[in-house]
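Colleague: Residue numbers (the numbering used here), protein chains in the order written: chain F, 1 to 269; chain H, 1 to 269; chain D, 1 to 269.
These aren't lab readings, by the way, just hints derived from the structure by calculation. Just so you know, even glycine gets a beta-carbon here, dropped at the ideal spot from N, CA and C. Hints may contain errors.
[Said to hold, decoys possible] Partial chain D-side listing against chain F, Cβ under 7 Å, derived:
hint	residue
1	50
2	155
3	179
4	197
5	221
6	222
7	223
8	227
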Amino acid sequence: MKYGAEVNALVTQSAASIASIRFSAHYYRMIQDHRPYYIKRFLHHFERWYTDHFISPQLEELGPDHCMMKPWNVKVHGKHIRIKNSVHIVTTPDRKVSLSTWSFDEHQGHINLGDNVLLCPGVRLDSASTINVGDNCMFAAGSYVTDADWHDIYDRSRPVGKTKPITLAENVWVGDGAIVCKGVTIGKNSVIGAGSVVATDIPENSIAAGNPAKVVKQLDPERELVTRSKIFDDVQKLDKDMDEIDRMMLQPNSFIGWIRSKIAPRRGD
Amino acid sequence: MKYGAEVNALVTQSAASIASIRFSAHYYRMIQDHRPYYIKRFLHHFERWYTDHFISPQLEELGPDHCMMKPWNVKVHGKHIRIKNSVHIVTTPDRKVSLSTWSFDEHQGHINLGDNVLLCPGVRLDSASTINVGDNCMFAAGSYVTDADWHDIYDRSRPVGKTKPITLAENVWVGDGAIVCKGVTIGKNSVIGAGSVVATDIPENSIAAGNPAKVVKQLDPERELVTRSKIFDDVQKLDKDMDEIDRMMLQPNSFIGWIRSKIAPRRGD
Amino acid sequence: MKYGAEVNALVTQSAASIASIRFSAHYYRMIQDHRPYYIKRFLHHFERWYTDHFISPQLEELGPDHCMMKPWNVKVHGKHIRIKNSVHIVTTPDRKVSLSTWSFDEHQGHINLGDNVLLCPGVRLDSASTINVGDNCMFAAGSYVTDADWHDIYDRSRPVGKTKPITLAENVWVGDGAIVCKGVTIGKNSVIGAGSVVATDIPENSIAAGNPAKVVKQLDPERELVTRSKIFDDVQKLDKDMDEIDRMMLQPNSFIGWIRSKIAPRRGD
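Bound-form chain F, shown alone (with noise of 0.2 Å):
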């Protein structure tokens, strides 16, 4: 069926998220890095002390092995958010990430991101109950996961409205742009494809695509999933791996030609 065939398309990260696999040789043929060994490794200590001194205060818990890139684009609102150990986050200054949990009356938000989970820009997360997010869990760019309808149906002036609970299983990749309802239960390992509004539960181990969004196709039962948290099996290895590769890659770099880069860029750079 070409619908099915296709569907996988659907499913499209934003190119700042390939940009957040920081953990592939391969990432350094995408786009020359001129700066020198020790501008990128001060940068990227700079982002983790911002990430240790500013966003991590306003969490109840985030996992030592965090990656905020441009930290100062997270945006955290209200209390009882968790995060656990080697999360993502890419952000943008045009398309900023925000973790949003709300108390009204009775309801309190509360956002639960298991391990290795990725946000790339534009991704909200709004909580008046309850969000809680699977490990390995990917969000596209711009994809919108709310439990509460924020206004009350048949009472305009009172806030949150209806709220009830929404669960990721593990593994589930949200796509570019789609929109998760409140109650909404994902089973693990599915798929929602680009631009889907998914109002209804998705059952596992499926690809579910449109507006209202449908299941259209089945993940392979006989396939083995890979799942991300393969990146973080050895984290220690890793980021000595890419301060290896870093230093090799970089160490052609000076202060002067990164310079140049900036001011006066030329075509091949």
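Put chains H and D on the given structure of chain F with help from the hints.
Modeller: Positioned in the frame of chain F, the structure of chains H and D alone reads:
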């Protein structure tokens, strides 16, 4: 029907819209505000002054009890834009709010917003003929209303193309990221689900969702609808109450403590 | 058919796209321009210089008659990006335009834009194989074209995943916020409605809309199609005409008056 039951969930205001509900004592549980009372008061007055000085002259009419958060992110282009009383506009630097009318040949855009309208971050209204928005309408984050094609289908070099007025009756609620197209009329009280694309008329008291949007549920005609106007029944009392709550809640805050919370935030702040 | 009749409305360029039509005398009625002639001229030349100096070297090819508004908001990543003549790129600070190609293992992205292409604010093109865009294509605000999944469906730790070239024939017009997925071919002159998600081929001379996108209408084969190329028939005359209109329209403006309109705007300005 599961789909019908869940469709309410589609209507999801962005978190930021909630921030606009500065009219609930419960607001204060949402996020701890470390600002001293006089700092908050000053910023509030500065936003009002900015709106009166820079935004209001760009509009043909702006009701006195406006409330624009970070009004420097409100972008107004063109003439014939009227906003009645008690508008609430919420913006963020990465999701500005844009109101635009265009003049080409015989075409002239008009935007008319009724009382108590709510515009959330990223909302865009583009008119080449007329967009009429009734009292108490709410636009969730990223929603888009346009009464023209902007290029002629058969003459791509010619601007505007087909254009036909849009009418949203009172109490219409447009969900997150939804698009309302030229010539559409939406009846009073109706709700448009998140991510919907509305290209045909929607009757009153309906909930519509999907792309293309279809009516998926009716509002219960037996139940009374409380509209957004309830918030603004007595604006003077509202402002006085808000001020007293601010004074009470922010009274313990010191200037030093506020600065500390900015430069050295602590878990539990 | 109501749906067919209204579907044109789906195709909605953002207002900002209109701003790019700097080629119509009527433009000037749109918004009163208070800048003195020489200020406007200087800014125009500065944008051209910026594009030639900073953007062009990042591209393999850029036709000489380019026009990028606020080109510092154009983000180019990766190699093998070619743009032919008379491209128009409109940006805003909160909706940058992004062109990205990626190299992983055997994959190498390519983006090829024909003559007279229009890219509006927030447009993203992401390639891991090839995106071919014909002459006179138009991309409305926030539309997204991606020729890859960016993660393998069965190995989530592996970047790029499935990738298959995309071809947009000449005069294709992609609506506001629409998404075009990997492997898709769209025939010449066809129009993709706002908010559509295109995962299957669309034949020529069609209007397609919805998620998933389906053909909802045919263009009338009897009617001649005037393409965007008409605007650029004689670029030198166009530039000369534009300059003369500017000189005439902005002649009454003084530097002091311009500054006054910025710091103390008045209704009717």
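Colleague: At a threshold of 7 Å, is the proposed contact between residue 222 of chain D and chain F supported by beta-carbon distances?
Modeller: It is violated, given that the least Cβ distance between residue 222 of chain D and chain F is near 31 Å, above 7 Å.
Colleague: Using the nearest Cβ pair, does residue 50 of chain D come within less than 7 Å of chain F?
Modeller: violated, 12 Å
Colleague: Measuring from the C-beta of residue 155 of chain D to each C-beta in chain F, is the shortest one below 7 Å?
Modeller: The hint holds - residue 155 of chain D has a Cβ within 7 Å of chain F, the shortest such distance being about 4 Å.
Colleague: Against chain F, is residue 179 of chain D within 7 Å by beta-carbon distance?
Modeller: Since the shortest Cβ distance to chain F is 5 Å, the answer is holds.
Colleague: Quick check on the hint: residue 227 of chain D CB to chain F CB, less than 7 Å?
Modeller: violated, 28 Å
Colleague: Grab the minimum C-beta distance from residue 221 of chain D to chain F and call the hint holds if it beats 7 Å, violated otherwise.
Modeller: With a closest approach of 25 Å, the residue 221 of chain D hint is violated.
Colleague: Should the hint that residue 223 of chain D touches chain F count as held when the rule is a Cβ pair under 7 Å?
Modeller: It is violated, given that the least Cβ distance between residue 223 of chain D and chain F is near 30 Å, above 7 Å.
Colleague: Against chain F, with CB atoms and a cut of 7 Å, does the hint on residue 197 of chain D hold up?
Modeller: Result: holds, 4 Å to nearest chain F Cβ.
Checked against the numbered hints given earlier, the structure breaks hints 1, 5, 6, 7, 8 and satisfies all the rest.
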